[in-house]
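Chains as they are written, first to last, in the numbering used here: chain A, 218 to 549; chain B, 105 to 504.
Calculated from the structure, these hints are not laboratory results. Fair warning: this is a prediction, and the values are worked out from it, not measured in the lab. Hints are all accurate, no fakes.
Here are the simulated distance ranges between beta carbons:
1) Lys437(B) x Lys507(A): 49 to 55 angstroms
2) Asp308(A) x Asn487(B): 46 to 52 angstroms
3) Ile448(A) x Leu210(B): 49 to 55 angstroms
Chain A regions said to be covered by chain B (calculated; three or more residues, Cβ under 8 angstroms):
4) 358 to 368
5) 379 to 391
6) 400 to 409
7) 446 to 460
Idealized CB from N, CA, C, for every residue including glycine.
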Amino acid sequence: MHRHPQPSPAARAALALLCTALLGATPPAQAQGVAWVSSEKDNALTLVDLKTGTVTGTVPTCKRPRHLQRTPDGKQLLVACGDSHQADIIDLATRKSVGKLALGDDPEAFDISPDGKTLYASNEDEGALSIIDIASGKLSKTVPVGKEPEGVKVSHDGKTVWVTSEAASLVHVIDAASGTVLKNVKVGKRPRRFALTPDGKQLWVSNELGASVTVLSTTDYSTLATLNFEIKGVRAADITPVGITMTQDGKRAFVALGRANQVAFIDVASRKVTDLVLVGKRAWNVALDKAEGRLVVVNGLSDDITLVDVAGAKATKSIPVGRVPYAALVVE
Amino acid sequence: MSVRNGFRPGRWRRAAVALALLSTSLAPVAALAATVKATLIVRDDDPRFERNRTERPALGHAGGTVGPALDLALKDGQLELDAAGSKLVLDSVRVDSIAGARAAALKAESAGASALLADLPADWLLAATDAGKLPVLNLRESADRLRERDCRPRLWHLMPSERMRADALAQTLAARRWQQVLLLTGPGADDQERSATAQAAIKRYGLKLVASKPFKLSADPRERDLANPLLLTGIAGGAAYDVVWVVDGDGEFARTLPYRTALPRPVVGDAGLVALAWHSSFERYGAPQVSRRFAKASGRAMTGQDWSAWLAGKALVAAAVAAPKGGAAAFQKALAEVELDGSKGVAMSFRPWDGQLRQPMLLGDGQSVVASAPVDGILHPKNALDTLGADAPEKLCKAR
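For reference, chain B alone in the conformation it holds in the complex (with noise of 0.2 angstroms):
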């Protein structure tokens, strides 16, 4: 018996053969079914579905694998597919590199899959895209390199940019006249960029960065500066703040300074008021209804990376709706084209110039849904969804 709490690779096959065999009993459209295929390529041992993450799951975090929000996806869209005539059968592959990324994805296109899901690291994600002509969908990479420098123009991402979380989160604060923002970093591999994406949002809309220090998790005594709260966020070496904004990817850290700050200020960012893609508590356009079959399928409260696999899976319904003979360059074209209802309140596209499904935000402190983004009064030329993240004026992306 694994100690690990991920999702057997076993059970999401069996699961994905269910699915494929679900009668087609709800359709009077008994047509003869083309069989499109897809394969979602995760990644072996992922050490984001360790018991100790997934149990007390930090905001922002996943909360266990995507194998049941895409079946939940699949089984919502039973009855689009038989009227569309349509029969998809999604499997699963789990790799271990980079290079068993890129052979599973060369593995699925000879066996005639139409599109790949992936819920893995960057490098491997891109690997796999890399690998042949079929459209990838990312559940789960939020690094905005793949929205930009890296960016392909067969991937499409569900999953919400980091830059999309600062804009989303900046807004809240410009909104609440929050300006003077001291902030913290840590020292995961990833914070230093995303430190400068939340700076590059704070500059975008106004509001004032006081202080930028580094933090540490230590308990030594001689590195007290860079690992006590207090110490952190005294305004001693500088100017009094509004709020604390923390970076910090692990969130071990930022988990436990809401409370903890010299003065009595919010903690926003990685903990506190988070930018997500989803919660559970969010009460509005039918949200409640897709948190509660995702709870009822999983067990388990959904979370913004299981609302993204959702989305995913409703996408490739869409796809192969649109395209029910399937292959890569139809269901690529599909996938420009696709517009999807993800209950919250608007119908959402990918953005053509980077590949991003454009949606709302919602930020929340893990009690309840605080407020959304783009806020009242956030103007945009053309749709208000594109303030947050990287606009086409930008031409960020070269690839596409």
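Just chain A, same shape as in the assembly (with noise of 0.2 angstroms):
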């Protein structure tokens, strides 16, 4: 990120009242690029400028758009749909879509292998995995999971695949090259979502209804550690959490929890929360911009996305999307 040489203060003072003025509110940090976020109702997606934040525009897509991933080299846009069974291809350049993907039956959430040339699709109505072929777009595997298959993660090296299964409660080890299961690992109930540490050795799984974070190794799959998530005033029946990210230097993970309304920051070493931010209605899923500056928390049932200054620890704006938002991406 380019860092703009220091204002003086009077220009700071000056520069502050302006943004006042255009935007009701002093941003805390130089916020840029878009979010896109993923409505299930709306078959669209809605462009949000981080900068202004405002929604600029929104891009149609295929039936009950998902989860969203950017290609390995940046260019596309990758959105599962799962009332489509495919996932549409959106060029970032000309925000058109360029093609379709067949994903299999009733896809949520995807990875892509590191060499970009490989798709791993949760399929929650068959309880399966498909793996295909991006290039010819050749469905080359379908390994049967637990059921409600959710989470799709893929190794740093590419070889192993980790899927949760919601219903069995379940993170499923494949082998990537075989699609033969090579394990399964109880977690909490109903495991979502994954983060993993940079250096490749923890995963982190997300337990909505267990109200916590498992934490397991990935060279043994013990438990390293579950994070029981407590908030003052909130029920542990409340704390639903999903969606989970990580900072790149693997430092400091975001949860949102779900009907809790809030969101998470955790510090990985120690595995403790360090800030509670509150955001809108059953936070859902979670993305921060490049320089992590800012989180962008999808609200699934106030139809809107909250902006979260990561260094203070604060919701700066809530900005109204589609139907039911699912995920969001900032692409800068």
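Two chains, two separate frames, one set of hints: put the complex together.
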């Protein structure tokens, strides 16, 4: 990120005034980029300019868009669409759909191999993981997993794929090359999403009905720790963690706590919650911008996203997006 | 060829065997699996599954037998069972009397079953429970007495109680500030008791009973005061009302009441807005996936009864995972501790004081889920779910 030269105090005051006049609030960090937000009931992606905090447009896509990922070359955006059984491929330069990729029945989440050649998608209805060759668009293998699979993550070396099964409360460890299940690891109730530490040694799993995050060792799949969320004044049943992301240096993690309507900041080394930020209703998925100064929180039950200033651990703005928003991705 | 729409015993037995044989190819842990047995006892020629009922099930009534939902739960749980090294075999028996229910329970126990599942009327259920020492999962009966004066330490209820349904509805009316209630009660065997439950909920949530009247299905002009919706809901004899709460276990009168009232007011209770354990139109918490899996397997929409049966299957799987070697005492202990995910957004467990599964209720009109209970703003010292149904301090079940 470009750092602007420090303005003089007077200029800073003037700038702050201008910002206040323009936005009605002072942005605490120089935000940039565009947040792409999928909404399950809209068949469209909403574009939010992070600098101004306003919706600048929508891009039509396939039916019931959910998980979003950028291709490793950064040029395209893939959108998994549950009711179209495919991914929409969107060119980020033109912001137009340039093709479709069949993902099997009711795809929910997916990940892409580090070489950008293979896509792994969870098929919620079938209880399967589809392995797809991106270039040919061909389904190379279907791996049966537990019911209602959701989170998908590929290891840094591309050799292992992890999938959560919500109904079976398991993480499946799958050999990417052969598509065989190597191990089923019991985690908390209704596991949802993953984050992987930069060294690849710890796999963090959010447990929606366990009000917790399970930290698994990727060496022997033992549970290194279970981080139980506790919030004063909120009952455990109302803490339903789903979305999780980690900074690139692996020092901090961010977990959306669902019906607790908050997002937790976690110090990865000590596995302790450092901050809690109140956001919208049923905080669902989270995304960081490149500078990791801004967190985008998608609120499934209030049809909006909340922008959170990471340094100050403070919500700065809520922006209405589509109906039943699901995921966000920041493109800069 | 039978004219009944019911699930035939042969078919269900075959399904159970097929399940038991289901390959464990998904599991890398192919340990030597211990076999755990359970027996489902159902009523032969169950009048609830007569064609004229299941073709057009009233809201809150069964859409068919419990077989497909149990089958689904066991399939859903196969991976967990494999991982735990447990093999669950469920067989099914049909009985035609209270004595038959007792005999079937004894037979299952001597054959080594660890638990019973029952889709039986209340007295049959009690006979099966009292026959031996097995924990019993009640898939069907919502009668409050089974959670209160006729409760049993080994009886676990998946179906919400009548009181839970009444509380859910009363909370919803209170939240809407639809406070003036006209209560109509039918002549059915359980209607008086259910009407008393409704009146208690009306009182508990500060609603006002403006009038309470009996009704009757009749075309006899001499009984028109009892049978004519317009006369029953006119205000000549009483004060104006916000809603008509109809108690009709049979359902034939209730389903024709909406839009036939003298005043333009909603109908609630056994028609109109109904408190349900589940409805196939529910959209949150992964519910559509469950409804879709069920519809694919059974060819019909998933009802509250199906959900309760599905959850009974999940409870059985959870117990078999916790106690892979089986045994009545181990299962009883495991059931007391299970936490179940039934796609209603919260983990659910059995209340220790009456064996009832605590759960959110859905308020639906058959087209959509309009609301859920406990409603926002209802408070409870420990768990808001315990505002639905009998709570611990009431000590209504002396046997537990």
